[in-house]
Amino acid sequence: AQSVAQPEDQVNVAEGNPLTVKCTYSVSGNPYLFWYVQYPNRGLQFLLKYITGDNLVKGSYGFEAEFNKSQTSFHLKKPSALVSDSALYFCAVRDQTGANNLFFGTGTRLTVIP
Amino acid sequence: EPEVTQTPSHQVTQMGQEVILRCVPISNHLYFYWYRQILGQKVEFLVSFYNNEISEKSEIFDDQFSVERPDGSNFTLKIRSTKLEDSAMYFCASSRNQQGNTEAFFGQGTRLTVV
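Residue numbers (the working numbering), protein chains in the order written: chain A, 783 to 896; chain B, 783 to 897.
In short, the hints are calculated from the structure, not lab data.
Hints are not guaranteed to be accurate.
What the hints assert, rightly or not - DSS-like mimics (lysine-lysine), calculated; alpha carbons at most 27 Å apart, straight line: (1) Lys840/A x Lys851/A; (2) Lys860/B x Lys824/B; (3) Lys804/A x Lys859/A; (4) Lys840/A x Lys859/A; (5) Lys824/B x Lys859/A; (6) Lys804/A x Lys851/A; (7) Lys824/B x Lys840/A; (8) Lys824/B x Lys831/A; (9) Lys824/B x Lys865/B; (10) Lys804/A x Lys865/B; (11) Lys804/A x Lys840/A; (12) Lys831/A x Lys860/B; (13) Lys851/A x Lys865/B; (14) Lys860/B x Lys839/B; (15) Lys839/B x Lys824/B; (16) Lys859/A x Lys831/A; (17) Lys851/A x Lys831/A; (18) Lys831/A x Lys804/A.
With these hints in hand, go ahead and build the complete structure from the sequences.
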């Protein structure tokens, strides 16, 4: 069975500080991993994905994520947070050999404090 | 930038009534989805649609649900007889193809409230 865990419902970080939003996953095969962001009254916006290759992937708005197979993690990071990064962040996984639908985590609300 | 659009943004309906949620996927996309998010819970997969037929569906997608692509642009989700527990945010999504490494693009959602 596929699943995603986002252990923190809420993350607060000061503007200019680095941020990390955690995600761990469980799949039977190899994963495709995705991060989406949801701003108020907006849909889920794609940020970045891991398919294969380099464990560090870079995405939109200066975000990056590190795939760690041994820890089954795909944490989202940004070196310097902006107030405008405040939003709801969702991690999602697909099993490369399984169903094509995405399995989402419960989301983490990031608040960047000015 | 092309985007997935959904209408209406908010729908209130009485229990037992039929509702149709509408979506216009990105024009050159071929693979369409519906997901839902009950308040405070995770986003859950309902159904995927490709080549005018359902590709996959979850346990949630029972006989009360149906999807249709009535023309070249719209993709609809119909709930025949709504229940209170159908209250949720419903997201439509589309992707260029059905390959697992292709990201899906989501609409802004329709908030369905069943009273």
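Q.
For Lys804/A and Lys865/B, compute the direct alpha-carbon distance and say whether it is at most 27 Å.
A. This hinted pair is violated, its Cα atoms lying about 35 Å apart.
Q: Would you check the hint for Lys840/A and Lys859/A, treating anything up to 27 Å between C-alpha atoms as holding?
A: holds, 10 Å
Q | Pair hint outcome, Lys851/A versus Lys865/B [Cα-Cα no greater than 27 Å] | A | violated, 41 Å
**Q.** Pairwise hint evaluation, Lys851/A against Lys804/A, where the allowed Cα distance is 27 Å at most
**A.** holds, 14 Å
Q. Is the hinted pair Lys804/A and Lys859/A satisfied, with a Cα-Cα distance of at most 27 Å?
A. holds, 9 Å
Q: Below or equal to 27 Å on CA atoms is what counts here, so check Lys851/A against Lys831/A.
A: holds, 15 Å
Q) Does the alpha-carbon distance linking Lys831/A and Lys804/A stay inside the 27 Å limit? A) Holds, at about 15 Å.
Q: With a cut-off of 27 Å on the C-alpha distance, tell me whether Lys859/A and Lys831/A pass.
A: holds, 13 Å
Q: Below or equal to 27 Å on CA atoms is what counts here, so check Lys860/B against Lys824/B.
A: holds, 21 Å
Q) Taking only the CA atoms, is the gap from Lys831/A to Lys860/B under or equal to 27 Å? A) Violated, at roughly 31 Å.
Q) Taken at face value, is the distance from the CA of Lys865/B to the CA of Lys824/B at most 27 Å? A) Within the cut-off at roughly 19 Å; holds.
Q.
Just to be careful, I want the Cα atoms of Lys860/B and Lys839/B compared with a cutoff of 27 Å; is the pair within it?
A. holds, 14 Å
The structure does not agree with the numbered hints 10, 12, 13 stated previously, though it agrees with the rest.
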